[in-house]
Amino acid sequence: MPTLTIDNKSITVPDGTNVLEAAQRLGIVIPHFCYHEALGAVGACRLCAMMFEEGPVKGLQMACMVTAQDGMQISTLHPEAQELRSHVIEWMMLNHPHDCPVCDEGGECQLQDMTIAGGHGRRRYAGKKRTWINQDLGPFVVQEMNRCIQCYRCVRTYQDYCGGDDFGVMGSRNRLFFGRFQPGKLESPFSGNLVDVCPTGVFTDKTFRFKTRYWDIEEAPAVCPHCSLGCTVIPGARYRELQRVRAGVNRQTNGFFICDRSRFGYGYANHRERIRQPNCQGAATSWREALEHLKERLGKVVNEYGPLSVAIVGSPRSSLECQALLREWTREHGYRPPLFEIDNRRDRTARILAAGLGKQARSMAEIADSDCLVMLGSDPLNEAPLLALAIRQAVRNGCHVTCLDPRAVKLPCAASHLPVQPEQLLPAINGLVANRFEEFERQDQLFLEGAAERLGRAERPVLVGGGDLLGPEGTEALLKAARSLNAGLFVTLGGPNSYGGALLSEDGPDSEEMIEAALEGEIKALFCIEADPLTEGPARSARALGQLELLVVCDHMVNRTARSADIFLPTTAPPEAAGTYINNEGRMLPFGGAYAPGLPLRDIGEGGHPPRTFSNITTGGEPRPAWAILATLLQRPLDFDSIHHGLESDPHFAGLGLLSPGGEGRRVTDAGMLPPAAQPEFPHSAPEGSLPLLVVEALFGTEPLSSLSPALEPVIPEAAVQLHPTTAARLGISDGETVSLRTELEHLRLTARTEAEMVPGLLVAYRLRGTPLELLPVGKITPCLLEKGGNDA
Amino acid sequence: MNLIRGIKGTAQAYWITLRTMFRKPVTIQYPEQKRQPFPRYRARIVLTRDPDGGERCVACYLCSAACPVDCISMQAAEAKDGRRYAEWFRINFTRCIFCGLCTEACPTRAIQMTSDYEICNRDPLDLVYEKTDLLIDDTGKDPDYNFYRHAGIGVVNPRGGNEDEKPPADVRDLLP
Chain A
-1 MPTLTIDNKS ITVPDGTNVL EAAQRLGIVI PHFCYHEALG AVGACRLCAM
49 MFEEGPVKGL QMACMVTAQD GMQISTLHPE AQELRSHVIE WMMLNHPHDC
99 PVCDEGGECQ LQDMTIAGGH GRRRYAGKKR TWINQDLGPF VVQEMNRCIQ
149 CYRCVRTYQD YCGGDDFGVM GSRNRLFFGR FQPGKLESPF SGNLVDVCPT
199 GVFTDKTFRF KTRYWDIEEA PAVCPHCSLG CTVIPGARYR ELQRVRAGVN
249 RQTNGFFICD RSRFGYGYAN HRERIRQPNC QGAATSWREA LEHLKERLGK
299 VVNEYGPLSV AIVGSPRSSL ECQALLREWT REHGYRPPLF EIDNRRDRTA
349 RILAAGLGKQ ARSMAEIADS DCLVMLGSDP LNEAPLLALA IRQAVRNGCH
399 VTCLDPRAVK LPCAASHLPV QPEQLLPAIN GLVANRFEEF ERQDQLFLEG
449 AAERLGRAER PVLVGGGDLL GPEGTEALLK AARSLNAGLF VTLGGPNSYG
499 GALLSEDGPD SEEMIEAALE GEIKALFCIE ADPLTEGPAR SARALGQLEL
549 LVVCDHMVNR TARSADIFLP TTAPPEAAGT YINNEGRMLP FGGAYAPGLP
599 LRDIGEGGHP PRTFSNITTG GEPRPAWAIL ATLLQRPLDF DSIHHGLESD
649 PHFAGLGLLS PGGEGRRVTD AGMLPPAAQP EFPHSAPEGS LPLLVVEALF
699 GTEPLSSLSP ALEPVIPEAA VQLHPTTAAR LGISDGETVS LRTELEHLRL
749 TARTEAEMVP GLLVAYRLRG TPLELLPVGK ITPCLLEKGG NDA
Chain B
975 MNLIRGIKGT AQAYWITLRT MFRKPVTIQY PEQKRQPFPR YRARIVLTRD
1025 PDGGERCVAC YLCSAACPVD CISMQAAEAK DGRRYAEWFR INFTRCIFCG
1075 LCTEACPTRA IQMTSDYEIC NRDPLDLVYE KTDLLIDDTG KDPDYNFYRH
1125 AGIGVVNPRG GNEDEKPPAD VRDLLP
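So the protein sequences, as listed, match chains A and B. Counted the way the working numbering counts, the first sequence spans residues -1 to 791. Counted the way the working numbering counts, the second sequence spans residues 975 to 1150.
The hints are simulated quantities; they were obtained by calculation from the structure and are not laboratory data. Hints may contain errors.
[Claimed, not checked] Heads up, simulated BS3-like pairs for lysine-lysine below, C-alpha to C-alpha not over 25 Å straight-line:
1. A:127 with B:1140
2. B:1008 with A:126
3. A:204 with B:1054
[As the list claims (entries may be wrong)] A few chain B residues that don't get close to chain A, going by computed Cβ distances all over 10 Å:
4. 985
5. 1002
6. 1004
7. 1007
8. 1010
For clarity, every value in this text was computed on a predicted model and none was experimentally measured. Using N, Cα and C, we set each Cβ at its ideal position, and we do this for glycine too.
Full structure from sequences and hints, please.
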């Protein structure tokens, strides 16, 4: 722990800290470009010069390249250091174009700030500026290479941190080009981070092109709603339009980066089909009338059939505040206990995890610090992309990654992958504990024994599970394994607040029980709060919902259930209201609302400009937060803070009130409860010659919110079925051929894709939204018949 | 003493009135007569064009940021040739205080103040000027300046074709 003095202020820093970091801890602002907390220092920009006056190092040095040592006396304000810095910034501006007014980075540009700080105003050099021809880098990122100042941050992010290999640096001396070898789409799912790390406007957000300046955008720290990891993001809106999302900093979860799904999947909030007015039986109405109508019809149902005929389905997309009020509402009126996830498999998985995670919980920061990772049924790039980045950081630190999965799991780092059948995951987990793998083939046994041996040797092992594939049984086994191996556990769940819903569900009934009750006619009124049972629920849901007398849907997106609702109440999208999510490791993460809902100005413009009428009512401003709708029904004051702080009366959420949006959050203190025993599943007789079909999540196109985003349309994968080449050969199917896939209920025509790294004998398809595939249960095996051709559809 | 001072004060005032009676009056009979203000007079705002006839405004939002009364709003968009322009541009002259900060902020000399001071109206909505009302067919002050001939992004000239630029570098060139 060296102690050093910078500008006459002393500080003691941990070993290995560089002088720049030490100065930052003291609150001294030092201009720098190439240093980045996540990327480290390379000493490329020459801007952080400081004068080392006394101590082991002397003279003018780059602060980021000097490790802090005892007895150092450093001056940042030494005239020589200041002069050097001002010269360096002038050199950087030699080739920088004169285009700040048309540059999207203008206003939030580090180079602008540093140029002003360096005192450089007028170009003294009379030579000509270097120029470049730009590359087309695909639908997300725009390149303007003339602006480059050669700090290498982009390459270090893209290649080193994110593991992309199609982007790099070329050329020599002052002709350094940062781009792809050939123009084309950036292949990494983390390409959007170039926009955040570039200190000037070389890489800017294509979806945000020329939309807004930094000072006009309404921002608030929020939590990404597109998977269960709870990455901190900063959504920004202007003129009631959500215009961009950038990465927030949370050292426990996402660090400094986010994935492209999170960054470019924001279009759902501005969706043109979004219903922004309450309506009854399809006719638009006012809030007052809709709520009165709701109370009246609900009263009728309760009078006739009793309060137990009212059921409520919440959602893992809802905030914790909404979920808690939902539970309170059902308790106050004696309705059926609420469900927070209609997908039974995901619901039970989340509840089992919340009940048993306890001390085994690990954050993504701890995964990045792990020395042995075993992944079971987890495909991070598709299910929870930022997890793949954490795994990569672990590998860069020398961690060994073993991956057991039926899919061809692609990771941005080295990993040993063993394709196993989905039903082999459970014996593999149990085998890891007992170190016995009799059920596996000899070659696989060796692989698994190696993994078990590494797990036993590791100091900070973590078991990473994919909740979808593991299911409740697998998760339970994994929990036991983690406890007996004394390893950490990290299981991805279905939605951003699955964990919160699991805690609040307690030992309430599961969705199977509710659907059965509805089918038997016991349920007459159903409330869906941001839930879509017709898409996410089992196939029987349609029949169950058909028997209802009243279907109320509160949502911010249009989906199957919303279309058939008797009463529809519009809610705000996640960036439009404050709330709290609990991520998959049980971390409470509050978020703030960035802007108030309303129809984007872009959509109500006339004749190339906004309307020339003035009113004090926001067009399309009707959506209310789901918690506010429930608070109205509960006759509570519409005060978010009191509801948020009121959650602390539940011992699970102790300390929630102390957290602030954008902070690191803290783990819940209490465990959840196990769900009631599962009802035995009827053995399904699969038709002869059928193959098991596994429907899984993909990076783009399967998550309900982001799949509504127009920006992601160019990258949504084709509707395809993946199979092993040997399976394809047996069926006489070749790669790229159209095939017909017949399940019990659906008949699809898909493209066949052979994938050598997946397990033979299995079919894998992405649950793409807007195709019949979205109706198939995720993570579960569906028997299906696969035929060549499929022209008879 | 008070008496003398009183007489003096009264007489002096009458003297000034008398003297001014024979001078040429400074007031004019507006609106029959109109005064030509000085060229730097700050009144109605216009959007000018560059010497090549293109719109100068690149919708950089600097004028709206500089405006102390928030009377300027706009939306930037990208034309097919890469030119950044204002999709719509609105100045609310009921709010404008004619301080001229917008023209000082403008990096492309697009927004300029003219000496047209006659902006009165009975309907406030008529004082909300859209881009069509603001854009003129003239360069205004600084007639030779075209921002895109100096910005290095290749809209008017091909990339690397401006006066102070080298032709685009070849990344595959190994020469020193």
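Against the structure, the hints come out as follows:
no., hint, in the structure
1, A:127 with B:1140, "holds (6 Å)"
2, B:1008 with A:126, "violated (51 Å)"
3, A:204 with B:1054, "holds (15 Å)"
4, 985, "holds (59 Å)"
5, 1002, "holds (36 Å)"
6, 1004, "holds (30 Å)"
7, 1007, "holds (35 Å)"
8, 1010, "holds (33 Å)"
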